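Chemist: Sequence:
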Amino acid sequence: MEKQEAKSLGRRLVLVVFPFQGHINPMLQLATILNSKGFSITIVHPQFNSPNHAKHPEFSFVSLPDGLSESNISPTDLVALISALKTNCEAPFQQYLEEMLKVDDPYDRVACVVYDGFMHFAQVVANNLKLPGINVRTSAVATLLFFAVFPRAHDQGYISFKGTYVRVDHILKAFPSNNFDEFI
1 MEKQEAKSLG RRLVLVVFPF QGHINPMLQL ATILNSKGFS ITIVHPQFNS
51 PNHAKHPEFS FVSLPDGLSE SNISPTDLVA LISALKTNCE APFQQYLEEM
101 LKVDDPYDRV ACVVYDGFMH FAQVVANNLK LPGINVRTSA VATLLFFAVF
151 PRAHDQGYIS FKGTYVRVDH ILKAFPSNNF DEFI
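Numbering of the sequence shown is given in this note's numbering, commencing with residue 1 and proceeding in unit increments.
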């Protein structure tokens, strides 16, 4: 019954994935579940480390130009990667969604943007276009707890980066809208 209801409503979900395997796989698993309930799925991804389209012929895939390559990005510099993806992918994503919203097919209209938590620019675009957005954290609960306690542990001196190149202010700026005070 759920599948028929979703198909009759013509719901398309746009999932925006972060280009690391530990993020791509959970998003594709979620897409598979949502598709089994009758939703049409579009996977939007950066060109860098894109998912294998052939393994999921039931989904539509859209590749965003990201300006990244193995030589100009380090997978160990997460903040730089998130910043580069925001800078390079936000405008193409907005353009793509604007084109999707022009489609007059009532059975294939975009219902929601579901995005990996590291692809937070997707919420900005969804807000601009008055679409609902859902942030999905693909990492373990322990990681969420780390993000919740990190600022306080740093402020209280339990974590120190003296003598290292890590800048805490850059880490915290990478997640601009998160307020974790209620978790601590």
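Since the hints were derived computationally from the structure, they do not count as laboratory data. Take these hints with a grain of salt, some might be off.
[Said to hold, decoys possible] Below, in silico cross-link-like pairs of lysine to any residue (SDA-like), each with a Cα-Cα straight-line distance of 25 Å or less: (1) Lys86 with Arg12; (2) Lys130 with Glu90; (3) Lys102 with Ser69; (4) Lys37 with Ile24; (5) Lys37 with Ile73; (6) Lys130 with Tyr107; (7) Lys55 with Ser69; (8) Lys86 with Gln47; (9) Lys55 with Ser83; (10) Lys86 with Leu129; (11) Lys102 with Asp77; (12) Lys86 with Leu28; (13) Lys86 with Lys37; (14) Lys86 with Ser36; (15) Lys86 with Phe59; (16) Lys86 with Ser71; (17) Lys102 with Glu90; (18) Lys37 with Gln47; (19) Lys86 with Asp104.
Source: prediction; values computed, not measured.
Chemist: Next step is simple, just say for each hint if it's right about the structure.
Modeler: Hints, one by one, checked against the model:
1. Lys86 with Arg12: Judged against 25 Å, a Cα distance of about 23 Å means the pair holds.
2. Lys130 with Glu90: 16 Å, holds
3. Lys102 with Ser69: 32 Å, violated
4. Lys37 with Ile24: This hinted pair holds, its Cα atoms lying about 20 Å apart.
5. Lys37 with Ile73: Measuring from Cα to Cα gives roughly 37 Å; hence the hint is violated.
6. Lys130 with Tyr107: Holds: Lys130 and Tyr107 sit about 19 Å apart, inside 25 Å.
7. Lys55 with Ser69: Roughly 23 Å between the alpha carbons, so the hint for Lys55 and Ser69 holds.
8. Lys86 with Gln47: 13 Å, holds
9. Lys55 with Ser83: 29 Å, violated
10. Lys86 with Leu129: 17 Å, holds
11. Lys102 with Asp77: This hinted pair is violated, its Cα atoms lying about 37 Å apart.
12. Lys86 with Leu28: Within the cut-off at roughly 21 Å; holds.
13. Lys86 with Lys37: Given that 25 Å is the threshold and the Cα spacing comes to 31 Å, the pair is violated.
14. Lys86 with Ser36: 31 Å, violated
15. Lys86 with Phe59: 24 Å, holds
16. Lys86 with Ser71: 19 Å, holds
17. Lys102 with Glu90: Distance ~19 Å between Lys102 and Glu90 Cα, so the pair holds.
18. Lys37 with Gln47: 28 Å, violated
19. Lys86 with Asp104: With Cα atoms ~29 Å apart, Lys86 and Asp104 exceed 25 Å; violated.
Checked against the numbered hints given earlier, this structure breaks hints 3, 5, 9, 11, 13, 14, 18 and 19; the rest are met.
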